[in-house]
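Asks: Below, each chain spelled out in residue letters.
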Amino acid sequence: MTEMKLSYAKNSEVAGVADKNTTVWTKKDLLGLEYLSKEEIELILDDAESFKEVLARPLRKVPTLRGKTIVNLFYEPSTRTRISFELAAKRLSADVINIVKEGSSIQKGETLIDTGRNLEALKADIIVVRHNCSGAAMMLSRALNISVVNAGDGWHEHPTQALLDIFTLREKLKNIRGINVSIIGDIAHSRVARSNIWGLTKLGASVTVCAPKELIPSGIEKMKVKVTDSIDEAIKDADAINVLRMQFERDEAEAFPSKIEYFRTFGVTEERLKKAKKNIIVMHPGPINRGVEMAAEVADGANSVILEQVTNGIAIRMAVLYLVAHAKKGKLV
Amino acid sequence: MSILIKNGRVINPATNRDGIFDILIEDGRISEISKNMGKKTRSVIDANDKIVAPGVIDMHVHLREPGREDMETVASGTRAAVSGGITSICAMPNTYPALDSVNAIKRLKGIIKKDASNNVFVIGAITKGRKGLDLVDMAAMRKEGALAFSDDGNSLGDEALMSESLKMAGGNNAFLISHCEDRNISKNGVMNEGITATKLGLRGIPKQAEYEFVERDIRLAEKTRTKIHIAHVSCKESIDIIKKAKTKGVQVTAETAPHYFSLTEEACVTYDTRTKMNPPLRALEDVEAIKEALRDGTIDVIASDHAPHGKHDKEVEFDFAAFGIIGLETLLPLAIAALVEKKMISWMKLVELVSLNPAKILGLSNKGNLSPGKDADIIIIDPLANWVYTKDSIKSKSKNTPFINWKFKGKVETVISGGREIFTGSAGSVLNL
Amino acid sequence: MREKAKLLDKDGIKNAVIRISHEIIEKNKDTENLVIIGIRNRGEYLAHRIAESIENIVKSRIPVGILDITLYRDDLTEVAEQPVLKETIISFDITGKRLVLVDDVLFTGRTIRCAMDQLIDFGRPRVIQLAVLIDRGHRELPIKADYVGKNVPTSLNEVIEVKLAEVDDRDEVIICEK
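Protein chains in written order, with our numbering: chain A, 3 to 335; chain B, 1002 to 1434; chain C, 17 to 194.
Honestly, I wouldn't trust all of these hints.
[What the hints assert, rightly or not] Only pairs whose alpha carbons sit at most 25 angstroms apart, straight line, appear in this in silico PhoX-like list of lysine-lysine:
| id | chain 1 | residue 1 | chain 2 | residue 2 |
| --- | --- | --- | --- | --- |
| 1 | A | 228 | A | 279 |
| 2 | C | 22 | C | 194 |
| 3 | B | 1114 | A | 215 |
| 4 | A | 29 | A | 110 |
| 5 | A | 103 | B | 1312 |
| 6 | B | 1343 | B | 1237 |
| 7 | A | 215 | A | 261 |
| 8 | A | 110 | B | 1410 |
| 9 | B | 1392 | B | 1228 |
| 10 | B | 1114 | B | 1132 |
| 11 | B | 1114 | A | 224 |
| 12 | A | 103 | B | 1315 |
| 13 | C | 22 | A | 330 |
| 14 | A | 204 | A | 29 |
| 15 | C | 22 | C | 75 |
| 16 | A | 204 | A | 40 |
| 17 | A | 331 | A | 40 |
| 18 | A | 54 | A | 330 |
| 19 | B | 1392 | B | 1361 |
| 20 | B | 1114 | B | 1315 |
| 21 | B | 1315 | A | 110 |
To be clear, the hints were calculated from the coordinates, so they are not data collected in a lab.
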């Protein structure tokens, strides 16, 4: 037994010393918040606090994942999430490889599983995958022994986005239990909405989803959320609103309102926020369509935490990479 | 050549017979059924404690030959069928090329004659190339042996064409098997619409896509006074419509597949592509309705909708995976497990659903019935045998089924087709013909 | 685990802290540049006690920092238990400072190696010295403590348990056998 093992063994015996989470992370992957317990979500948030401290150091880098290789496998373009994961990996001293669809074998018809198996054969340790198909991350994780982190799969989940949203809320409000959060926008096609619903409800928040009726997916109320198609209703009692990006570039010919029509009926404006709680927190996963889902004045306003979300995203992703890289296998003493 | 099956519990819904009898088979036909038969034959099968029933007739099988012999062939498909207790199958016409001409049927019949382990009947396409545009020559194809017509996999979107094909099939002493799916509603859906699809972020297929076409096709059959058979019924609303039509006297029959009463949409939660089928697995209330419809006779037939797909078609993203699962080897076991073992229906009713009713619908008057003079297509089931359906045991060329490693009670022990013993479970293989 | 002997009681720990404090003052005449950094978890409390003791003597404030070495550990994938990650709190610049690192038990030396790696990422101290309450031997790295409360020869199947009133119910150091 080494000295360090000893000191930590002792430490864990006095749980609650510094109000820290003593949950043990056992999962090889992060696929979605549906699959995590409340305690596991809180562990990620707690560890992210420590990583946020790392980001404030004069040298914003720790050697924790030195020698590990992390592959960002992106089937969909995404600047923000990819850079955030890349920075998180680099802050942990991992080697990072980025693969984007254009110009790689994945555009030449190689299947997702084949690509994953090749990356595993190349001795990657963690694959961070973004894919336009729901379930892609889970499928990959089943086929591989190495870790898979879901960076967004179809309309299914975007767990790190929801984690950073919840982390930001926790920083501002101290507690998630009992708060009212409204998610506004294209709920039907939003992985951000689904992950937020899972995470927030598990932590005891009360969640309302707000969208035009045709963008409310079937049966959503069974996910323990309130549903409304009135933006004023969604804003009224909210401690925070999370405004989703309206993806007018979506290639499907779905029943979509026009941009102007949408802004008129669902856009978050200063006028509408006057009827809200004074300190309402305004979030957006980005990139923002100014003047579509949100007025520019609101995005830049005093209630907006949009840029803090971006910073917190790195800490969350560091925590996630750290935890999946050190997941404990088997039973614990 | 003669075989004597002794002391089995003979179940024959055609004559409402359920009791211990001996069956004598001579020259491919049943020659006598009686108690304690004294006759001596060279071949005697002891069926003590076993169930003896007419062989299963599976109305809905995709054999993939010609065209996709890598997924299934007449040889492999019929071998799989026999090991599942199925003595007759209907081959669906969505092959490459489609079974849309006399020549195509002739070619397939040639393959069947050469390779098939059991009876294979042919279903012809309704339209050329199954494109929903030009009707095939039903009269000539009927003469060549097509029992019914179907563009299975597609629905005829054009109502007038549907009416016309119903009439033409009826005029040729045949009928249509309708795949009911309004593509304008199902669009790019991949699973049942509802909370599970919402959670998974998968595109839903609303039940309307099915039942609105069930309603339409029944209405057209009523108007044209023709027979129609609704394929793979999966939801409660379709059942309600069929039930009403039957009460009104419309000549409608219907089938469902074992997965629709064995699994709910919940089976999709791990994005296992082996749970992706069309129509999709539905909600629990639909599963309950299907079982009730089988019990009360609204649904006449259990058919497998055996749909082999290669690994490359299933080991992909759920959105991209092919629809369908194999089902020949699990049709009977799943029906026993979900319906008989759960006391939903009797063995008698089960045999009616898998053998007598399909024979009646298809006009196979010598099949599905254990009576003197009828075809000796017989299965012997050990109702108490416990067994596990393993991947290695699968006889089909494709392995796309969610039922691997399911435990079953009740196993097909012996299969006799045309008076010949073609399968014994103890040997575990289909005997050489 | 069976308790074999009590190595230090409350007074023993108190005396050791006072002695170490005096030694630190003696060795670092320039206490103006003195900073003390404790390694989580119990090093943190010892650091505070030593700083307080020094402050009582020199009558000036001694900055104290807390180091969590988890992210610098070389055995993360091998440890039986998952370490609890906590913040490092050093709210002052350590460059040019006379830095005393504090931990409860010195054993293999690997914790100290981690701590020094991490400190160097925070700045360039003038000197780094090491103070421990117990030195139990069995070093795996060339590391030596400058200030030791008590040297205790041990065997490898023995465990030293340091209890401090800040987190435990009392002050004591015991030796146990596994």
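Asks: Under the criterion that the straight-line Cα-Cα distance not exceed 25 angstroms, is the pair residue 1114(B), residue 1315(B) satisfied?
Replies: violated, 31 angstroms
Asks: Given the hinted pair residue 1114(B) and residue 224(A), is their Cα-Cα distance within 25 angstroms?
Replies: The hint is violated at about 55 angstroms.
Asks: With a cut-off of 25 angstroms on the C-alpha distance, tell me whether residue 204(A) and residue 40(A) pass.
Replies: With a Cα-Cα distance of about 6 angstroms, the restraint between residue 204(A) and residue 40(A) holds, given a limit of 25 angstroms.
Asks: Would you check the hint for residue 54(A) and residue 330(A), treating anything up to 25 angstroms between C-alpha atoms as holding?
Replies: Holds, at roughly 23 angstroms.
Asks: Given the hinted pair residue 331(A) and residue 40(A), is their Cα-Cα distance within 25 angstroms?
Replies: holds, 20 angstroms
Asks: Does residue 29(A) pair with residue 110(A) here, judged by a C-alpha cut-off of 25 angstroms?
Replies: violated, 32 angstroms
Asks: Sort out whether residue 279(A) lies within 25 angstroms of residue 228(A), counting only the CA atoms.
Replies: holds, 19 angstroms
Asks: Holds or violated: are the alpha carbons of residue 1343(B) and residue 1237(B) at most 25 angstroms from each other?
Replies: holds, 20 angstroms
Asks: Is it true that the CA of residue 110(A) sits at most 25 angstroms from the CA of residue 1410(B)?
Replies: violated, 47 angstroms
Asks: Given the hinted pair residue 22(C) and residue 194(C), is their Cα-Cα distance within 25 angstroms?
Replies: Since the Cα atoms of residue 22(C) and residue 194(C) sit roughly 16 angstroms apart, the hinted pair holds (cutoff 25 angstroms).
Asks: Check the hint pairing residue 1114(B) with residue 1132(B) against an upper bound of 25 angstroms on the C-alpha distance.
Replies: This hinted pair is violated, its Cα atoms lying about 29 angstroms apart.
Asks: Between residue 204(A) and residue 29(A), is the straight-line Cα distance small enough, at 25 angstroms or below?
Replies: holds, 18 angstroms
Of the numbered hints listed earlier, those contradicted by the structure are 3, 4, 8, 9, 10, 11, 13, 15, 19, 20.
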